[in-house]
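Chemist: Residues per chain, in single letters:
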Amino acid sequence: MTDVTHTLHLTVQHPRPGLAVATIVGDVDVQTAPTLRSRALEIIQQGHPRLALDLAQVGFCDSSGLSAIIGIWHVAQEAGGSLSLAAVPDRLMRMLSMTGVDSLLPVHATAADVIDSPPASGGSSPRSCTHGGTPRCTGPRGTWSGS
Amino acid sequence: MTQQASAAHPAPGRRPEMVPDPRAEAARIAAVRRYDILDTPPDGAFDRVAAMAARLFDVPVATVTIVDTDRIWFKAAHGLEGVKEIGRDPGLCGSAILRDDALVIPDTLHDPVAANNPLVAGEMGVRFYAAAPIITPDGHRLGTVNVLDTKPRSITEDDTATLADLAAIVLDEMELRLSALRALRNEQERREVERAAREQVEKDKAAIAAFASTLQRTLLPPALPVVPGLELACHYHTASVHDVGGDFYDVFPVDGSRWAFFLGDVCGKGPEAATVTALARHTLRVAAQIDPDPVTVLRTLNTVLLTDVTAGSRFCTALFGLLAPQEDGGFTVTVATGGHPPAYHVRPDDSGAVWVKAVRPKGGMLIGAFPQASFAHATFLLAPGEGLFLYTDGLTEARTTQGAMLGEDGLTGFLHQRTGPLTATALVEDAVTLLASMPDGAGDDVALLALSVSDPETAPDAGVAATAHTTAAPEHFGQE
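Chains as they are written, first to last, in the working numbering: chain B, 1 to 147; chain Z, 1001 to 1480.
Keep in mind that a hint or two might mislead.
Unchecked claim - With a cut-off of at most 20 Å between alpha-carbon atoms, the simulated SDA-like pairs for lysine to any residue come out as follows:
{"#": "1", "chain 1": "Z", "residue 1": "Lys-1205", "chain 2": "Z", "residue 2": "Arg-1217"}
{"#": "2", "chain 1": "Z", "residue 1": "Lys-1362", "chain 2": "B", "residue 2": "Arg-94"}
{"#": "3", "chain 1": "Z", "residue 1": "Lys-1203", "chain 2": "Z", "residue 2": "Glu-1192"}
{"#": "4", "chain 1": "Z", "residue 1": "Lys-1362", "chain 2": "B", "residue 2": "Ser-97"}
Claimed, not checked - Only part of the chain Z face toward chain B is listed, based on derived beta-carbon distances under 8 Å:
{"#": "5", "residue": "Gly-1339"}
{"#": "6", "residue": "Phe-1370"}
{"#": "7", "residue": "Phe-1414"}
Quick caveat, the hints were computed from the structure, so don't treat them as lab data. Built from N, CA and C at the ideal position, the CB exists for glycine as well.
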């Protein structure tokens, strides 16, 4: 049986104004996926709708994790932001590609690649999700601060 | 004694004889009942009060009595062995109960009412009698504490006060006893309520289990139909008996000649997933009746899931296929995918192994997650002797003895190396055997669906005997 830890740690950095990078440590499964979802939504609601999840330290992510990511993507879109992923574990990558979710969610090799990616890509993936609301540069609080 | 004598020697504090007021008496009896003391076994505390009274007054007999409707019952009787109760004759206790202060009769023979009391006139020959009523906080006289002697005597006011104190002690004792009784009753009631609650819970559990079992059966994939020229087989396994799985499949006719099939997997588990399973199954069936085009059907399902109350949080993957029979006995198959693992198209190859092709229309997305989701389809011919194998990822995510997931490559290899016949039944049976050979079996839900076109060359009677097989599902639900 897989040894699954039931805690999830999430730390947030703001490497650049308008971008929040959440580093996730732990396994994302049916137990921890709600934590991932609620913590990520908090970040978005605090005025950082451009969010990237760094999954380099996630050992395991199942379909519960995929569900959480899709939920976060919806909220980020509604807030005029975007969600991108970095260092996606193999199994999740297979799910993203099998389910076509990778066509809506930019996937980067590392968190550094997210930071280097142009901020102008704004509210959607580089391939641009034409249905997903026009990218805006104002968050719920009017302007983005780098904090 | 005569009335005259009585008038000449009135008992101290003696008031005219009273008749109990019926309403007051009814309330008094209710109070006696409340203390629930009548006919209880002897009790050390009351016996000690009686003994103390006898000692303090230096009399042979002292009693603690409770007055019932028609009798005077002895809770304690010092010096009166074997007497449990006497009649409510007036004169002594029967009169003392009717007044709030103590009744003292120095010489009963000088008291016209007492003189006729059986205790006085009878064998016992009581000459001195004094009693203090036992009065409840709300003013009801339950009975009396009595001292009796066979010789006349007089007592002081202090003695009378002592008698009243003893009566008060008896009341305190009765109050304590009552509160202990109440606590005991409350405890018993609490236990009774708990026991009843537990019974109810057990009953509810059984009812819920029966209900869940019924619901579960309605959510299970239906038995497969008989499709002319086609052999069908399926397998359905849920990881937990208590869980309704998130996997689903079905095969059904869409018009006079065409048939549709689907197999899918809801992300998540438990009752919420089951509602999506049911919604997906019914939506796919209904949508196919309106327009059986597989991409259109999946698009409809996407819209329906997104407008459901659980919108945006419940998704599924699915393959939906349409079968159109051809003149050569084969079928044209159009399969659309919504983010589901590929189906495998199999046929015998020239070398005696199996030709395996993944049917993987490019670009089909998860269903129910995105309004802009796109779905893709592929069309191919399923010729006589060929098969199509559909599965949910419980199969490819099952772990081999090496600990790795079987994966698509493992499944492809397994199908390629199979030596058995390429019939739907054999495909499903072999896949079930493969799962059973895994150390943990299938850890997750698994659904398998296989279709094969009867080959007239190898099975001359196949055109007649199209069969449907359902494997293994009953072992998980049959016992309920």
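Chemist: Out of the numbered hints, which ones does the structure contradict?
Modeler: 7
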